[in-house]
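Trainee: Can you make the complete structure from the sequences, with help from the hints?
Chains as they are written, first to last, in numbering that gives the first Met the number 0: chain A, 0 to 99; chain B, 0 to 510; chain C, 0 to 642; chain D, 0 to 474.
For the record, the hints were derived by calculation from the structure and aren't laboratory data. Positions of the beta carbon are idealized from the N, C-alpha and C atoms, including for glycine. There's no promise every hint is true.
Straight-line alpha carbon distances no greater than 27 angstroms define the calculated BS3-like cross-link-like pairs of lysine-lysine that follow [as the list claims (entries may be wrong)]:
id	chain 1	residue 1	chain 2	residue 2
1	C	Lys-615	A	Lys-98
2	B	Lys-116	D	Lys-428
3	D	Lys-360	B	Lys-118
Short, incomplete list of chain B residues facing chain D, as computed with Cβ under 10 angstroms [what the hints assert, rightly or not]:
id	residue
4	Leu-28
5	Ser-78
6	Met-81
7	Glu-111
8	Thr-117
9	Met-141
10	Tyr-144
11	Ala-149
12	Arg-166
13	Phe-174
14	Leu-178
15	Val-179
16	Val-186
17	Val-190
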Amino acid sequence: MVPLHWYLTLSAAVFMIGMFGFLTRRNIIIMFMSLELMLNAVNISLVSFSHYLQDMRGHILVFFVITVAAAEAAIGLAIIITLFRNKQTAHVDEMNEMKG
Amino acid sequence: MVQTMDNTMGFPILSVLIFLPLAGAALILLMNRANDKAIRVVSLSVSIATFIVSLSLFTGFDKTTHLMQFVERYEWIPSLNMSYYLGLDGISVLFVLLSTLVTILCVLISWESIRTKTKEFFISLLVMEGAMIGVFCSLDFMLFYIFWEAMLIPMYLLIGVWGGPNRVYAAVKFFLYTLVGSVLMLVGIIVLYFYAGRTFDILELMTKAYPYKMQLMLFWAFFAAFAVKVPMFPVHTWLPDAHTEAPTAGSVILAAVLIKMGAYGFLRFSMPLLPDASRAMTPVMLTLSVIAIIYGGIICLAQTDLKRLIAYSSVSHMGFVTLGIFALNTQGVEGGILQMLNHGVVTGALFLSVGVIYDRTHTRVIADYGGVASVMPIYASLFMVFTFASVGLPATNGFIGEFLILLGGFKANQWAGVLAASGIIIGAGYMLWLYQRVFFMETSPKVAGLQDMNMRELLTLLPMVVLVFWIGIYPNVFLSFMHPSVQHLLERVNGGSAPAVAANIATQILR
Amino acid sequence: MNSYALIPFLPLAAFVINILFGRRYLKENAHWVSILAVAASWVLAVSALVDVAGGNKINFDLYTWMLSGGFKVSVGFLIDQLTVVMLIVVTTCSTLIHIYSVGYMHGDSGYYRFFSYLSLFTFSMLMLVMANNFLQLYFGWEGVGLCSYFLIGYYFNKKSASDAGKKAFIVNRFGDFGFGIGIFVVFLTFGTVYYEPVFSQAAGLAGATYNFLGYDVHLMTLIALLLFCGSIGKSAQMPLHVWLPDAMEGPTPVSALIHAATMVTAGVFLVARCSPIFSLSDTALMVVALTGAITSLFAATIGLVQNDLKRIIAYSTVSQLGYMFLACGVGAYTAGIFHLYTHAFFKALLFLCAGSVMHAMGGELDIQKMGNLKKYMPVTYMTMLIASFSISGIPGLAGFFSKDEILWMAYAGESPVGKFVWAIGTVVAFLTAFYSFRLIFLTFHGKFRGTHEQEHHLHESPKSMTIPLMILCVGAVAAGWVGIPALIGENIGVHNYIAEFMKPVLGHPEGHGTHGEEMMVMLISIAVGLSGIGLAYFMYIVRPELPERLTQQFRAVHRVLFNKYYVDELYSFIIVRPAIWTAKNVLIGITDARIIEALVNGVPNAIGALSSGLRKVQTGIMQHYATIMATGILIFVAIMLMR
Amino acid sequence: MPIAMPNLAPVMPEIVMTCLAILLLMADLVIRQKDTLGLISIISAGIVLYLVLGSSGETFAGMFISDGYSMFFKLIFLANLILTVLISSRYLQIMRINFGEYYALMMFATLGMMLMASAADIIVLYLGLELMALSTYVLAGFIRYDMRSNEAAIKYLLLGAFASAILLYGTSMIYGLTGTTNLKGIAAYIMNNNIAGNPVLMLSMVFFAVAFSFKIAAVPFHMWAPDAYEGAPTPITAFMSVGPKAAGFAVLGRIFLTAFASVRADWSMVLIPIAVLTMAIGNIVALSQTNIKRMLAYSSIAHAGYMLLGIISGTPAGLSSVLNYMLIYALMNVGAFAVVIMLRSEGFAGENISDYEGLSKTHPTAAALMLIFMFSLTGIPPMAGFMGKFYLFMSAINAGYTSLVVVAVLFSAISAYFYLRIVMLMYMKEPRESVQLNTSPGLGLALAMTAVAVILIGVLPGKVLALAQMAVASF
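Mentor: So this is what it looks like as structure tokens:
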């Protein structure tokens with residue numbers, strides 16, 4: 000039986016990678032992917048807790064997280080397309096028309 | 000529930016006094032903007048009606064007791080134990096009369112001088128009157144605070160919209176100065192509320208004793224709000240700007256009533272609620288007052304703008320008032336209250352007269368004037384009366400107030416009394432210099448063709464002349480209002496311990 | 000009983016009528032209202048004299064003026080010997096000068112205004128004199144100050160006149176500052192401001208000390224000196240004398256009434272009225288005497304070189320007032336009041352003569368441009384001559400008796416500075432005689448030095464002006480006979496009425512000197528007077544070029560005297576200019592502008608700068624937002640774990 | 000054994016709301032006149048409101064609770080929905096974005112908020128949060144052809160997703176620690192096993208605080224707000240500045256005052272700096288704003304800071320003051336934005352504050368309304384804003400945070416400057432060019448309602464206060 004804290008360290012690592020990706024990458028799509036990565040990291044830890052506690056709540060929450068991530072991706076991509084249509088760029092640095 | 004006199008007037012006079020002007024303002028709100036005349040007539044009749052109603056205060060007031068009179072109390076916010084609680088005693092009754100009288104004069108003086116947006120002007124004026132009377136009548140600390148702050152909006156508009164060239168700076172400065180001060184007071188009120196067992200009723204708060212440290216902290220919180228309004232020395236720089244930029248009616252209301260609220264606040268809240276702190280702080284206060292007197296006086300010597308000079312002179316005069324109040328003896332306090340009334344009358348009249356001349360020449364620079372006496376003799380003689388009232392000549396009201404204050408001040412602290420007495424020399428200096436510069440010597444071209452005061456302007460200034468001489472020659476009519484209330488206040492402040500006050504109330508009831 | 004209350008209120012009524020109805024209705028005949036009122040008060044004053052002479056003293060309150068806590072004061076009247084004497088002086092001079100003004104002010108545009116101010120002045124002076132408490136005294140005190148402001152600045156479109164008026168009022172205010180504090184001390188020690196109780200309790204507190212501004216001071220001296228500040232201001236004594244010479248800007252009747260006969264004497268009246276307090280403190284008396292003496296010497300020396308007719312007389316007034324204070328200082332209050340009484344007559348006469356001279360010379364006042372006027376103005380010449388004789392102390396005339404009394408009392412009194420003060424008094428007597436007759440000789444004798452058409456215009460003043468001159472001339476002569484000293488009095492069967500009359504109020508200092516000494520003092524003063532006149536005669540009639548040579552020789556001394564010891568410049572240098580300078584640069588420049596305004600505007604500007612700084616943090620790039628969020632999270636995690 | 004049907008009464012309003020929203024989507028295909036859709040949404044909001052007042056109780060095994068507290072918030076959400084729909088009909092025509100989905104999305108967002116308010120379990124909470132967030136992202140980017148709207152949407156979405164990731168991570172930690180996601184269960188667990196100092200608990204509390212600070216736009220997690228508010232269409236800005244913020248506070252109240260109630264000392268260590276920073280940055284940066292929407296964005300950030308004081312005080316009185324303030328804030332804010340919308344006409348953006356110069360001359364009524372809202376936002380009596388702030392400060396002082404209140408009071412004095420500047424521009428400057436106002440009956444009605452409410456609550460605050468206290472009593 001793999002001890003619990005191994006899963007937790009994996010989840011934390013993936014979460015950190017996701018966050019780091021989100022903070023540094025310039026392309027919106029890549030930022031989206033790193034977001035998904037963070038959400039999945041959370042799924043890992045939820046499932047491991049649920050298994051460890053022999054309780055169903057974790058699994059239910061994971062389902063919700065996955066569906067929400069999908070919905071989010073859909074909306075995100077839709078907005079990126081409209082953005083692209085207006086400004087022909089997916090680069091975050093160009094999107095600073097509003098500041099101050 | 001502290002014992003108060005039941006309302007002998009038969010009808011809720013104080014609420015009528017507050018809401019009559021507000022109703023007038025609402026009426027004007029509905030009126031059509033075009034007919035100026037109708038708006039002016041309505042506002043004049045409302046202000047006169049309010050004044051007549053307030054006269055019954057003057058006659059119906061029972062001068063033998065210090066207890067609150069014309070009391071009204073209705074539930075307002077039961078959950079916070081906040082009540083709509085009005086009442087008057089010897090200290091506040093005179094100021095209500097002053098407010099109602101001054102408002103009539105303001106309406107009269109702006110009969111022709113206000114051309115643009117007359118509707119908003121008269122609405123602000125009447126709302127001002129309602130709020131002012133509310134401040135003087137409220138016995139619930141929060142109700143006082145709400146009226147105190149509500150006054151900011153109309154005054155801000157009065158200065159900002161109808162003011163002089165850089166009115167905006169003056170209006171914002173006035174607003175922020177007062178607001179920063181009074182928000183600190185709000186915190187003080189809430190701390191007091193919780194310590195005194197969840198009540199805003201001033202009379203109840205007065206019966207409790209508070210720890211010294213807390214009293215000190217609260218004293219300085221209240222000081223922040225009241226000192227700005229008085230204005231006391233370090234925080235006075237908003238007054239000259241506000242006065243020079245405000246329209247005539249605005250600076251008359253500002254000088255006659257608004258700055259009295261600061262001193263009234265000290266009398267009604269700081270001293271009775273925080274007796275030990277007030278006593279401990281008197282040296283500081285006396286020094287600030289003396290500085291204000293001399294500083295305000297000397298600075299007038301070098302002023303070039305007419306209104307600015309009168310504004311600084313009222314800083315000096317209010318220095319006298321605070322000196323009187325913090326002398327903590329009967330002469331000082333009664334002199335202070337009377338001087339607040341006098342200053343309202345005299346400086347109000349001075350600004351009215353400046354308004355009269357300003358409507359003709361549209362310049363406030365003293366250098367432009369000269370020899371007005373030969374062109375407008377009646378105006379010159381009236382201004383002469385107010386100049387000498389401001390200088391404190393015997394037989395005018397200024398003398399009575401100043402003499403009592405200096406007597407009280409000298410009794411409390413000799414150095415303060417002597418230094419403050421020098422104020423009357425400086426006062427004579429700048430006022431006579433002003434009078435000579437404007438009225439005597441050769442007639443300057445700008446002033447040559449002016450015609451003398453018309454009936455309306457004369458009507459505005461006459462009540463003030465009557466008051467100057469009435470208080471000057473027979474002040475006891477006004478002083479008799481204050482005796483019991485001031486006595487009670489001083490017992491509380493000097494007595495310091497709550498039992499003494501309770502005993503006093505007991506005797507009142509048994510008597 | 001209270002018909003005497005009408006004395007002050009009649010002129011008040013006249014003032015009100017004149018000021019309200021003067022412009023449209025009364026115009027020319029405004030003077031009738033004032034004259035009738037003042038004449039009526041004169042009649043009442045005489046009846047009061049008779050009443051008081053009959054022995055009863057009147058002291059009643061009209062109504063309570065101020066009541067605040069323990070402080071109670073009312074408008075009340077005290078009529079005793081001292082008051083009655085003053086009443087007579089004030090009402091008589093006032094009536095005569097009112098009549099004189101009818102002619103003098105004829106045709107002036109503000110005619111009604113002049114008479115209303117005169118009536119107001121008489122009202123205030125009478126209130127001052129008849130007061131029965133310190134506060135009403137203060138009321139009258141400032142009232143007369145106000146009227147002198149109006150009347151000095153009567154020709155208000157002249158800058159010099161309005162400046163003089165303002166100067167008079169403000170300098171008086173300096174005096175009233177001390178006076179006010181004196182009243183406070185009186186109230187705080189005696190618990191009341193009424194004369195009666197204060198003077199009766201004063202004896203009891205003779206030795207008491209009082210902590211004034213941290214120093215333990217002898218109580219009576221403190222009160223006396225503080226009250227004396229007021230007198231210095233009002234009677235133009237040494238430090239505060241600068242306003243009287245400039246007060247000559249006002250019309251001549253004003254100078255006569257206010258700056259000779261009545262108002263300036265208020266200071267002496269105050270010292271006399273408070274004699275119970277003053278006599279309890281030797282130091283105070285010494286100060287009074289010395290101030291009086293020095294001022295009289297100081298003013299007399301300046302009077303020597305002045306060329307303006309009215310200014311010479313003004314300095315002579317300051318000098319004579321110094322005499323009166325000298326008298327009070329040595330304890331001889333009666334002599335002081337007696338001199339005040341006689342001085343009122345001949346000084347008013349001098350001023351009125353100057354007025355008629357000015358009238359004739361078309362407003363010209365420089366005596367160097369006059370001369371030989373006696374040919375054209377015999378009556379004025381005669382009356383002015385008699386007045387000058389009287390002031391120089393020629394025996395038989397009013398001035399001699401009162402001045403001699405003072406000098407004798409100074410010499411014989413037990414005041415430590417008596418002898419020194421007597422010496423100065425004698426020197427001043429010599430100087431007074433000299434400049435009085437310098438004036439007479441330069442104006443009336445020699446040849447006319449004015450312009451031709453001035454000469455053509457010369458004429459004697461109309462009847463309405465000369466009659467008061469004559470009446471006053473009678474007064475200048477006869478006024479002295481009331482107080483003939485015992486030395487002369489026994490052998491001509493007349494005793495010193497005024498001394499006996501004033502005894503109950505002012506007491507009678509017993510001069511312990513032999514008859515011989517008294518005779519010697521009298522002879523010295525007569526000799527001094529005559530030599531003064533002789534020297535003047537010699538210098539201005541016999542050798543007219545002598546004064547010119549003397550001024551060349553003592554150029555420096557002449558310039559100092561001519562410029563009034565530069566006192567005016569000194570005051571404006573130490574008081575007026577620094578006040579305005581501090582106002583301009585220090586207060587407006589630094590405290591208000593830099594410190595307070597900087598703070599008041601600085602704080603919002605700083606917040607504004609901070610605001611625009613923080614605004615830049617919002618770069619619009621999402622990465623920056625996310626990094627700031629991440630750092631936020633890190634910080635809070637650190638806070639939580641570190642705690 | 001038969002499937003036991005859960006008691007659906009408490010959740011009936013949400014169910015009806017979902018059906019009506021879907022019905023609205025269908026109706027959009029059929030109805031040509033888009034304004035009638037607005038009308039339908041108002042009617043449905045009315046129905047749901049009626050239902051909300053009736054429903055109370057617990058269901059879904061303690062995961063969904065409908066008590067006084069949630070009822071009060073649902074009142075705010077539905078009022079916010081109605082007002083926003085009223086003020087947006089004319090705006091949509093001008094901006095040519097008059098699509099039916101606009102109203103449907105708003106109803107879904109409101110549904111999400113209602114779920115959040117009634118969530119007694121983190122799962123339901125997360126569900127509501129995401130439903131609201133996603134619909135608001137789309138609404139923010141509704142003006143497809145305008146670059147700024149897209150930018151607003153993308154920023155809001157990415158940072159929103161980031162925050163919800165943080166939230167989930169916190170949830171997983173607390174779930175791991177206490178074994179349950181039910182708020183009451185967590186509270187019981189903390190109480191019984193007194194794990195006060197436990198780092199995992201601390202960490203999860205931080206993550207919860209961060210996630211919801213993002214939602215109520217508290218500093219330092221506020222960066223998205225100014226851009227999102229400026230970019231989004233103005234009615235949506237109004238909707239966003241009230242809806243999600245209120246929902247955020249509802250959840251903050253639930254979590255921190257039931258789940259983590261016993262460890263208040265710890266999480267107040269986090270919330271106090273956030274509150275102070277929010278008030279400071281919100282008020283100070285607003286001073287130098289020239290765009291009215293951006294200024295109102297910073298002002299709403301500052302107001303979030305004031306409301307945090309209520310949460311920090313932790314007492315029922317504190318919570319009721321937050322509720323009370325939230326309602327008053329909603330009215331003031333929507334009113335102010337309504338006036339901004341009124342200024343938006345054909346060729347004129349009306350977003351720069353200099354466009355307000357001399358408004359009192361050209362349109363006195365609009366100027367008067369704006370004056371009322373500005374003075375109310377500053378917190379000057381007799382407006383409602385003062386009463387809200389006053390009660391908030393009272394509860395904070397009563398809980399012993401007097402120094403915090405002094406800071407709050409001083410910053411609200413600073414805020415007077417930029418609110419006053421608008422009044423000054425309107426009343427004390429001359430109009431540059433005459434601007435044509437676009438008013439529609441709906442906008443007029445909304446303005447009238449909000450203005451009257453602001454003054455009425457200012458003068459007679461007793462009623463609303465009692466309502467808020469009653470709501471918290473059942474907490």
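Trainee: If a hint holds in the structure, say so; if it does not, say that too.
Mentor: Each hint tested on the structure:
1. A threshold of 27 angstroms between alpha carbons decides the hint, and for C/Lys-615 with A/Lys-98 the separation of about 8 angstroms falls inside it, so the pair holds.
2. Between B/Lys-116 and D/Lys-428 the alpha-carbon distance is near 13 angstroms, which keeps this suggested pair within the 27 angstroms criterion.
3. For the hint linking D/Lys-360 to B/Lys-118, the alpha-carbon distance of about 12 angstroms falls within 27 angstroms, and the restraint holds.
4. Because the beta carbon of B/Leu-28 sits about 9 angstroms from the nearest beta carbon in chain D, less than 10 angstroms, this interface hint is met.
5. Interface restraint check: B/Ser-78 against chain D, minimum CB-CB distance 6 angstroms, threshold 10 angstroms, status holds.
6. A least Cβ separation of about 8 angstroms between B/Met-81 and chain D falls short of the 10 angstroms threshold, and the interface hint therefore holds.
7. Annotation: B/Glu-111 was flagged as interfacial toward chain D, and the flag is violated, the nearest CB pair being 21 angstroms apart, outside 10 angstroms.
8. The beta carbon of B/Thr-117 comes no nearer than 12 angstroms to any beta carbon in chain D, farther than 10 angstroms, and the hint placing it at the interface is violated.
9. The restraint placing B/Met-141 at the interface with chain D holds, with a minimum CB-CB distance near 8 angstroms, inside the 10 angstroms limit.
10. A distance limit of 10 angstroms between C-beta atoms decides the matter here; for B/Tyr-144 the minimum to chain D is near 7 angstroms, and the interface restraint holds.
11. A hinted interface residue such as B/Ala-149 counts as satisfied when its beta carbon comes closer than 10 angstroms to some beta carbon of chain D; here the least separation is about 5 angstroms, so the hint holds.
12. With a cut of 10 angstroms, the hint placing B/Arg-166 at the interface with chain D holds, because the nearest CB-to-CB distance is about 7 angstroms.
13. Restraint check, B/Phe-174 versus chain D: the minimum CB separation of about 6 angstroms is within 10 angstroms; hint holds.
14. Among the interface hints, the one on B/Leu-178 holds; its C-beta lies about 5 angstroms from the nearest C-beta in chain D, closer than the 10 angstroms criterion.
15. Interface hint at B/Val-179: satisfied, since its Cβ lies 5 angstroms from the closest Cβ of chain D, which is below the 10 angstroms cut-off.
16. A cut of 10 angstroms between beta carbons decides the hint on B/Val-186: the least distance to chain D is about 6 angstroms, and the hint holds.
17. For B/Val-190, the interface hint holds, the least distance from its beta-carbon to any beta-carbon of chain D being 6 angstroms, beneath 10 angstroms.
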